[in-house]
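Taking my numbering, the leading residue of the sequence shown gets 1289, the next gets one more, and so forth.
No wet-lab data here; the hints were simulated from the structure.
It cannot be assumed that every hint is accurate.
[Unchecked claim] Label-pair ranges, simulated between beta-carbon atoms:
#, residue 1, residue 2, range
1, Asp1576, Tyr1429, 45 to 55 Å
2, Gln1535, Gly1313, 38 to 48 Å
3, Gly1360, Glu1340, 38 to 48 Å
4, Leu1478, Asp1404, 40 to 50 Å
[Said to hold, decoys possible] Derived PhoX-like pairs (lysine-lysine); straight-line CA-CA distance at most 20 Å:
#, residue 1, residue 2
5, Lys1381, Lys1316
6, Lys1521, Lys1540
7, Lys1457, Lys1443
8, Lys1476, Lys1443
9, Lys1443, Lys1456
10, Lys1290, Lys1316
11, Lys1492, Lys1476
12, Lys1437, Lys1427
13, Lys1456, Lys1476
14, Lys1530, Lys1540
15, Lys1492, Lys1437
16, Lys1427, Lys1492
17, Lys1456, Lys1521
Values in this document were obtained by computation on a predicted structure and should not be read as measured data.
The beta carbon of each residue, even a glycine, is placed where N, CA and C say it ideally should be.
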Amino acid sequence: MKASRSEFHDVRGLRYHVRTWGEPGSPKLFLLHGWMDVSASFQFLVDCFAREWHVIAPDWRGFGLSAWAREGYWFPDYYADLEALLDLYQPGKPAFLIGHSMGGVITSVYAGIRPDRVARLVSMEGLGLARQAPDQAPKRYAQWLDQLKDPAAFKAYRSFDEVAARLKKNNARLTDERAAFLARHWAKPLDSGEVILASDPRHKIFNPTLFRIEEAIACWRRITAPVLLVSGKQSDIPARMKDTPEQLAERKGAFQNRREVELEDAGHMMHHDQPQRLARILEEFLSDAQ
1289 MKASRSEFHD
1299 VRGLRYHVRT
1309 WGEPGSPKLF
1319 LLHGWMDVSA
1329 SFQFLVDCFA
1339 REWHVIAPDW
1349 RGFGLSAWAR
1359 EGYWFPDYYA
1369 DLEALLDLYQ
1379 PGKPAFLIGH
1389 SMGGVITSVY
1399 AGIRPDRVAR
1409 LVSMEGLGLA
1419 RQAPDQAPKR
1429 YAQWLDQLKD
1439 PAAFKAYRSF
1449 DEVAARLKKN
1459 NARLTDERAA
1469 FLARHWAKPL
1479 DSGEVILASD
1489 PRHKIFNPTL
1499 FRIEEAIACW
1509 RRITAPVLLV
1519 SGKQSDIPAR
1529 MKDTPEQLAE
1539 RKGAFQNRRE
1549 VELEDAGHMM
1559 HHDQPQRLAR
1569 ILEEFLSDAQ
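Given these sequences and hints, build the entire structure.
So this is what it looks like as structure tokens:
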């Protein structure tokens, strides 16, 4: 495995953990993880890169080793956090952004908000959530209020091996070695000897704000950087989104300068399932920008 370093920074009042690989003088590449994931999740992908990169991968607020936000979690905060990290690591120069799932949503919306800050964008199954109608708002707010009265919590596991087994249950393509590695980064030990997920359990609370696909599409249409959309052939995300073929085409069509790649024998966690093939695809996409 390529060695990583942990760096900690004050980002908008929160202690942020940023995992980096490679030398600072190498071309910079930002990897942004998804919901309930951590920066170390990209280890297998980084190991497969043929080029020398300075890889910068934060734990989003409330995940991994980054601090928890007492006021809760809102997508606009992630956009602002990303901008602060770009100001810190690559000020004044457009960046290469690769986002997975929630990280793909964050980076793609940000690329439309600040098109001059992004040189290349890769969204790995980051086309947003299922469409939500305005009349769902009353029920959503009520669910949120109810959950605030009953603090969210994660179950405790007896060992890291049990966490690894749970990860393998969620993804049958995950090898024993990779599952054991991820378990040590996704979970932390308790004084009791048990282990628990390291992320803030309040991520389980319903976000009272509906996902508005129209707003996301409006941002995506403003992206000027070349875009690569990567999906896993065996992913369950399309079924969860519940789009018609025409609705999915609308999402993808908002990215005007795009390429699309579908990875065989890969689910949603494609950076775990096919890191070698994914690394090759990413580096080919980025090579003409050097």
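Hints, verified against the model:
Taking 45 to 55 Å as the suggested C-beta distance range, the pair Asp1576 and Tyr1429 conforms, at roughly 47 Å. Separation of Gln1535 from Gly1313 is about 45 Å and conforms to the stated range, judged on CB atoms against 38 to 48 Å. Distance hint for Gly1360 and Glu1340: a CB-CB separation of about 39 Å, consistent with the stated range 38 to 48 Å. The hinted range of 40 to 50 Å is satisfied by Leu1478 and Asp1404, whose Cβ atoms lie roughly 46 Å apart.
For the hint pairing Lys1381 with Lys1316, the CA-to-CA distance comes to about 10 Å; that is within 20 Å, so the pair holds. The hinted pair formed by Lys1521 and Lys1540 meets the criterion: a straight-line CA distance of about 16 Å does not exceed 20 Å. Between the alpha carbons of Lys1457 and Lys1443 the distance comes to roughly 16 Å, so the proposed pair stays at or under 20 Å and holds. In summary, the hint linking Lys1476 to Lys1443 is supported, as the alpha carbons are separated by about 12 Å, within the 20 Å threshold.
At roughly 17 Å between alpha-carbon atoms, Lys1443 and Lys1456 fall within 20 Å of each other, so this suggested pair holds. Restraint check: the Cα-Cα separation between Lys1290 and Lys1316 comes to about 16 Å, which is no more than 20 Å; the hinted pair holds. Only pairs whose Cα atoms come within 20 Å are accepted, and Lys1492 paired with Lys1476 is accepted, the gap being roughly 18 Å. Distance hint between Lys1437 and Lys1427 is fulfilled; the C-alpha atoms sit about 16 Å from each other, no more than 20 Å.
Between Lys1456 and Lys1476, the direct Cα distance comes to roughly 18 Å. Compliance with the 20 Å bound is thereby established for this hinted pair. A distance of roughly 15 Å separates the Cα atoms of Lys1530 and Lys1540; the hinted pair therefore holds under the 20 Å criterion. At roughly 14 Å between alpha-carbon atoms, Lys1492 and Lys1437 fall within 20 Å of each other, so this suggested pair holds. Taking the CA atoms of Lys1427 and Lys1492, the gap is near 17 Å; set against the 20 Å cutoff, the hint holds.
Straight-line distance between C-alpha atoms of Lys1456 and Lys1521 comes to about 19 Å, which keeps the hinted pair within the 20 Å bound.
In this structure, none of the earlier numbered hints is contradicted; all agree with it.
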